[in-house]
Amino acid sequence: MKKTSYLQYFMIYAALLMAVAWSIYPILRVITISIRPGDNLLTESLSIIPEDWTFDNYVTLFTDHPFGTWIWNSILVTATVMLTGVTLASTAGYALSRFRFPGREASLFSLLVTQMFPATMLLLPLFIMLSSLHLINTYLGLIVIYSSTALPFCVWSMKGYYDTIPYSLEEAARIDGASRFMAFYKIILPLASPALVITALFSFMSAWTEYIVAAQVLWYKEMFTLPIGLKSFQANMTTEWGLYAAGAMIVSLPAIALFLFLTKYLIGGLTLGSVKG
Amino acid sequence: MTGHISLHLSQHVKRCLVILFKSLPSVLLLGSLLGAEKTTLHLWHPMPAPSRAVLNDLVAEYESLHPDISVHLLYKENEEVRMAYMSATGFTEGGPDLLYGPSDFTGALVEMKIVKPLEQFFTEDELSAFDPKGLTWYQGHLYQIGDELGNHLALVYNKRLFAEVGLNRPPESLQEMIEFGKKLTMDKDGDGVIDQYGLVWNFTEPFFFMPFYASYGGWVMDEDQNPTLNNEAAVNAFKFVRDMRDVHGIIPIECDYDIADSRFNTGAAGMLINGAWSWAKYMDSPDVDFGLAVLPINDETGLYPAPMIATKGYYMNPYLNGEREKQVVELMKFLTGADAQFQYASRLATIPTRLEVRERPQIATDPVIMTSIEQVSRGRAMPISPQMRAIWDAMRPAYQNVLGGSMTPEEGAAYQQELAEQKVAELFEGQDIDRDAVNISAILVYLGGLILVIWALFKLVVAFILPLVRGIPGVQVQESRFGVLMVVPAALFIFGVVVYPFFYNLVISFSNMGLTTVNDWQIIGLAQYGKVLTDSQFYHFFLRTVIWTVVNVVLHVIFGVMLALLLNRPLPGKGLIRVLLILPWAVPSYITALTWRGMFNIDYGAVNIILNKFFGIEPISWLIDPTNAFIATIITNVWLGIPFMMIIALGGLQSIPQELYEAASIDGATAWQQFRKITLPLLKPVMIPAITLGIVWTFNNINVVWLVSNGGQPGDQTHILVSFVYRAAFNLYRYGYAAAFSFMIFLMLALFSVKFMQKNKATETAY
Chain L
1 MKKTSYLQYF MIYAALLMAV AWSIYPILRV ITISIRPGDN LLTESLSIIP EDWTFDNYVT
61 LFTDHPFGTW IWNSILVTAT VMLTGVTLAS TAGYALSRFR FPGREASLFS LLVTQMFPAT
121 MLLLPLFIML SSLHLINTYL GLIVIYSSTA LPFCVWSMKG YYDTIPYSLE EAARIDGASR
181 FMAFYKIILP LASPALVITA LFSFMSAWTE YIVAAQVLWY KEMFTLPIGL KSFQANMTTE
241 WGLYAAGAMI VSLPAIALFL FLTKYLIGGL TLGSVKG
Chain A
1 MTGHISLHLS QHVKRCLVIL FKSLPSVLLL GSLLGAEKTT LHLWHPMPAP SRAVLNDLVA
61 EYESLHPDIS VHLLYKENEE VRMAYMSATG FTEGGPDLLY GPSDFTGALV EMKIVKPLEQ
121 FFTEDELSAF DPKGLTWYQG HLYQIGDELG NHLALVYNKR LFAEVGLNRP PESLQEMIEF
181 GKKLTMDKDG DGVIDQYGLV WNFTEPFFFM PFYASYGGWV MDEDQNPTLN NEAAVNAFKF
241 VRDMRDVHGI IPIECDYDIA DSRFNTGAAG MLINGAWSWA KYMDSPDVDF GLAVLPINDE
301 TGLYPAPMIA TKGYYMNPYL NGEREKQVVE LMKFLTGADA QFQYASRLAT IPTRLEVRER
361 PQIATDPVIM TSIEQVSRGR AMPISPQMRA IWDAMRPAYQ NVLGGSMTPE EGAAYQQELA
421 EQKVAELFEG QDIDRDAVNI SAILVYLGGL ILVIWALFKL VVAFILPLVR GIPGVQVQES
481 RFGVLMVVPA ALFIFGVVVY PFFYNLVISF SNMGLTTVND WQIIGLAQYG KVLTDSQFYH
541 FFLRTVIWTV VNVVLHVIFG VMLALLLNRP LPGKGLIRVL LILPWAVPSY ITALTWRGMF
601 NIDYGAVNII LNKFFGIEPI SWLIDPTNAF IATIITNVWL GIPFMMIIAL GGLQSIPQEL
661 YEAASIDGAT AWQQFRKITL PLLKPVMIPA ITLGIVWTFN NINVVWLVSN GGQPGDQTHI
721 LVSFVYRAAF NLYRYGYAAA FSFMIFLMLA LFSVKFMQKN KATETAY
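Chains L and A supply the protein sequences, listed in that same order. Note that the numbering used here gives residue 5 to position 5 of the first sequence, counting from 1, and the numbers run on in steps of one. Note that the numbering used here gives residue 636 to position 636 of the second sequence, counting from 1, and the numbers run on in steps of one.
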C-alpha cells in the first residue's frame, strides 16, 4: 500500500473529528443534565458544564437507592447472557457454515424470522408463559429470553465470518489427526476472534440496557437490573431528570469499559491475513 | 350443527391453551416461596417520588404494627402499572394484592373483570366518613377507595416575577391572565429572543385543554358516554388557546410538559398551568416564590375553567380470598385511614378524601390546600368509563393539528368527533358476535393450524432428527451428528422462547379478543385481517415505514463502513477515537433519544442554534411540523445506529487479506477500484446478515419514534407501523386487531427478507 501523505492524514483526522463531535455531543448533554441541580431537562444555556454543577445526583444514586445492588444484578444477568451467546453462536454458526444438511437454509432463515414479529406483541404471551413456568421473579427467565433475542444475530454473524475462512485450514488440521471439534476449537475459533468480539458486544448490549421484559419479570426492587432501576426515576410527568441522567451515565460505564477491552481483539485478527495468503 | 362443532372446537382449543399455560397454580404471589412465615402483600403504584416517600414511611409503620406482615411496594409509571396489572391479573390470575392508581382505571378494569367490589368490606358508617367523590362506584359497585382527590390543574405563579412587574395578585379572569402574561413576557437581555414568558403549560396534551373547553360550556361526553366534541365550545376553546400563542404571544411556540416544567422551575416563566402532582417540586425550587390560584373565570361566558379531577386510591385483586383477603382489607383501611391521609396532606398539600382530616387545623388553614379545594370544587370528575381513553386518543391529533396550523378550529372539532366515534366503536368491537352462528371460518382456521403444525414437525424431523440418526447424505454419520449437535442448543434456546408467543398471537389474530372479550374471546376468522387491509392508514404508515427503514439503514451502512475504513489503518490515537465513536451505542437510548428531543427544541435546542450560527438558517420548528418531526426521528436513529454498523464493518475488514491489496497496487489498481473489487465483495458475507437484521430491526423500532416524537406527535402523524399498532393494542385494548396487524408486518418482512437474501446469496459461502 502507498504511504499515507500528510495531506491525507489531515483529511482523515478532520473527518474523524467531525464524526466524533457528532457522536459525543448528545452524550455531553446527558452529562450536563446529570450534574445540574434542580431536575431540569432543558435550559437555554448551551454550556456543557453548568455554573452550579454538582455530583449530588451521583451520590444520591448510591445513598438513597440500591444502585450498587442493581449493578451487581445486571452484571450477573448480562455476563451469563454473554457467555451463553458466545458459546452457542460460535458452535451453531460453525455448523451452519460448514455443513450442508437438509434443514440448513431453513434454519438460517428461521433465525431471522424470529426477529420479525413486533416485539411489543410478544410481551403478553411471554409473560403468560413465564408465569406458568414459575419463572417470574427469577433471573433464569430473563437470561433465557435475552439469550434468545441476541442469538439470531450472533449466529448469523459468526456464520458469516466463518464463511470467509478457507476450508483448507481445518482440512490440514484434520490430516494432522485433529478431531473435527479440535480443528474447530484450536484453528478456526481463534481466527474468528473479530466475530467473537462482535458477538460478545452484541449479546452484552442487548441484555445490558433492556428494561421492557425485565420490568415484566422482576417485581422486587432488590432484584432489579440497572435499566429498570433507572426507569423508576422516570415517569410521564414527574421524571427525576438529574438522577435519570446520572444513572444512565453510570449504566454506560461498564459498557464502555467492555468496548475498550474487546475492541483490542477486534483488531487482533489482523494476523489472519498472513495465515491465509 | 357446524356451529356447534366449531363452538366446541373453539372451546376445546382455548381450554388447551389455558391448561397448557395456566394449569399450575399461580405462584405470582411469592410470599410462600420466600420461606418465612411472614405474609408478603404486594402493592403496585404509580406514585411520583415525593408521595412515594410518604408511602414508604406509612408501610414501615404498618409493618412495625403487624410483625407478621411485610408489604412489598413496586413503582411503575402510570400507564405501565395499568398494563402490568392487566397482564398479570387478567391473563394469569396473579398480580399484586392491591393496585393504586387514578379513578379512570376503573372502567377498563371492571370490563376486564379484574377488580373486586369493595362495598362488602365496609360498613355504612365507615363509608360515610369519606367525601363521596373519594369513593369510586361503577355500575352499582364500589371499586376504589380513594385517599386523595387529585390530578386537578390549577394556576401556579411565581410571586417574585409578579412583583418585578408590579403585580401583587394572581389574575382573576382569563382576559386578565392574558394582560398579566403580556407584562411578564420579556426579552431581558435584548438579544431578540424572548427569555421570559408570561405563561407556560403543556398545551400539546388534551388533558390540559379540558379546563378551557369546559369554560366555554363543553364537556367530553354526554350521559350515555357518547363523545360530544364537535360544538361551538370546542371551536372557541381551540381559538382561545391558539390566540394565546399566536396573537398575544404569551406562551412559547413549542411547549410540552418538560419545557413548561423546566421554564417555570428555573424562573423563566411567570405562570404555569400544572397539576396537583407537580406543585411540591416548585415549592422547593430556589427560583420560584410559589403561589397557587384557581384557574380564572372566562369573561366571555362567565364560567370557570373546570379541570378534571381524578380520585386516587386503591383497587383490590379479585382473586383474593380467606385470611389473605382480610389482611389486604386491613392494609387498605390503614392506607386510606385518617392518619395516613393526614401524612400526605401535611407533607404534600394533597386533598384528603376523609372529611375529618380536612377539618384538622393544620390542614384547614394551609393556603395551598385551601386553593386546591376551591379549584376542585370548580372541577369535574374525570369520567371513569373506558370510552374516555378513546376520546383522549381522538382529541390529541385534532388538537395538535389545530395548534400546528394544519386544521382550522372548525375542522378540528369535526375531526375529533368523527375520530372519537370511530374509536369508541373499536373499543367495543367484537362483543356482538353471535356465538351460536355457523362459524366455518373457525373450522378453516383450525384446519389450517393443524396442517401448519404437521408441516413444521415434518420439516423438523427431516432437518434434524434424520441427520442425527442416519447422517447427512454424503457425510459420515459421526460428522453429521457433530454438525447437528452444534446447532441444536442454540435452536432450542431461540425457538423455545419464540414458539409459544408466536402461536399465541397467531390464534389471537383470528379472534375477536378485545376489552370486553379478554376472557371469552372466540375465533372469528379473517375479520381482523380484513380490518387491517381495508384501513387506508395502514398503507399510509406502511409507506412511511419503508422510507424510515431505507433512509436509516442506508445511512447507517454508508457512515458505518466509511468510518471503519478510516479507522482500519495505523493511525495514532485511533483507540480513543474508536471508543468515542462507539458511545452512542453504549449509552442507553432511552435517555439519549430524549436528549435529542430536547436538542430539536425550536428556541434553545442545539440543532437550531448550530444551524443558525454556522449556516444562517432560520429556526426550524422540528417537533411541531409533521415532516420535520419525522426527519428529527430519522436523524436521531441514524446517530444511534452508526456505531453498530461500524463495528460490524471493522470486524469484516479484518477478514480481508492484506496481500490482495498489495497485489492490486502492483497491478496499478486505483483506490476506488480496490474498494469496488476487493473490499466490497469480501465485506459482503459479514455485512449482509447485519444489514438484513438492521432492516428488520429498524422496521420494527418503536422506541426511537416513540421517544423523539413523544408517542407519534404531532397529531399521530409521525408513526411507523409498529408504533401505530402499539397505540391500537394498548390504548384501546384491541388485542385481536393488533395481532393481525403484527402478522401483516411479519409477513411483509419475511417476504422481503427471502427476496433480499436470495439476491445476495447470503446463505452461501464466499469461498
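If you're looking for bench data, these hints aren't it; they were derived computationally from the structure. These numbers come from a predicted model, not from an experiment. Among the hints, a few may not be true.
Stated by the list, open to error - In silico SDA-like cross-links for lysine to any residue, where the CA-CA straight-line distance does not exceed 25 Å:
hint : chain 1 : residue 1 : chain 2 : residue 2
1    : A       : Lys613    : L       : Ile31
2    : A       : Lys459    : L       : Gly103
3    : A       : Lys38     : L       : Gly103
4    : L       : Lys264    : A       : Leu583
5    : L       : Lys221    : A       : Gly573
6    : L       : Lys221    : A       : Thr39
7    : A       : Lys684    : L       : Arg100
8    : L       : Lys221    : A       : Glu330
9    : L       : Lys264    : A       : Gly573
10   : A       : Lys326    : L       : Arg100
11   : A       : Lys574    : L       : Lys221
12   : L       : Lys264    : A       : Leu680
Claimed, not checked - Label-pair ranges, simulated between beta-carbon atoms:
hint : chain 1 : residue 1 : chain 2 : residue 2 : range
13   : A       : Val165    : L       : Ile24     : 40 to 50 Å
14   : L       : Ile24     : A       : Lys159    : 51 to 61 Å
15   : A       : Glu659    : L       : Phe261    : 45 to 55 Å
16   : L       : Ala79     : A       : Gly668    : 45 to 55 Å
17   : A       : Pro681    : L       : Pro190    : 54 to 64 Å
18   : A       : Ile440    : L       : Trp22     : 57 to 67 Å
19   : A       : Pro681    : L       : Ala79     : 32 to 42 Å
20   : A       : Asn168    : L       : Thr54     : 33 to 43 Å
Glycine included, C-beta positions come from ideal geometry on N, C-alpha and C.
Exercise for the section: State, for the Cβ atoms of Pro681 (chain A) and Pro190 (chain L), whether the hinted interval 54 to 64 Å holds or is violated. Expected result: 25 Å, violated
Exercise for the section: Can you let me know if the beta-carbon spacing of Val165 (chain A) and Ile24 (chain L) is within 40 to 50 Å? Expected result: 42 Å, holds
Handout entry: Consistency of beta-carbon spacing, Thr54 (chain L) to Asn168 (chain A), with hint 33 to 43 Å
Key = Holds - the Cβ-Cβ distance for Asn168 (chain A) and Thr54 (chain L), about 34 Å, lies within 33 to 43 Å.
Handout entry: Ala79 (chain L) paired with Gly668 (chain A), Cβ distance criterion 45 to 55 Å
Key = 51 Å, holds
Practice task
Assess, step by step, whether the Cα of Lys38 (chain A) is no farther than 25 Å from the Cα of Gly103 (chain L), and give holds or violated.
Solution key: Outside the cut-off at roughly 53 Å; violated.
Exercise for the section: Would you mind confirming whether the straight-line C-alpha gap from Lys326 (chain A) to Arg100 (chain L) stays at or under 25 Å? Expected result: Violated, because 64 Å separates the two Cα atoms, which is more than 25 Å.
Handout entry: Proposed proximity, Gly103 (chain L) with Lys459 (chain A) (alpha carbon, max 25 Å)
Key = 7 Å, holds
Handout entry: Pairwise beta carbon distance, Ile24 (chain L) to Lys159 (chain A), judged against the given window 51 to 61 Å
Key = 41 Å, violated
Exercise for the section: Mind checking the alpha carbons of Lys221 (chain L) and Glu330 (chain A) for me, to see if they're no more than 25 Å apart? Expected result: 24 Å, holds
Problem - Straight-line alpha-carbon gap Lys264 (chain L) to Leu680 (chain A), limit 25 Å - result: 24 Å, holds
Exercise for the section: Compare the distance between the alpha carbons of Lys684 (chain A) and Arg100 (chain L) with 25 Å, and conclude whether the hinted pair is satisfied. Expected result: Judged against 25 Å, a Cα distance of about 21 Å means the pair holds.
Problem - Straight-line alpha-carbon gap Lys264 (chain L) to Leu583 (chain A), limit 25 Å - result: 16 Å, holds
Against the hints set out earlier in the document, violations occur for numbers 3, 5, 10, 11, 14, 15, 17.
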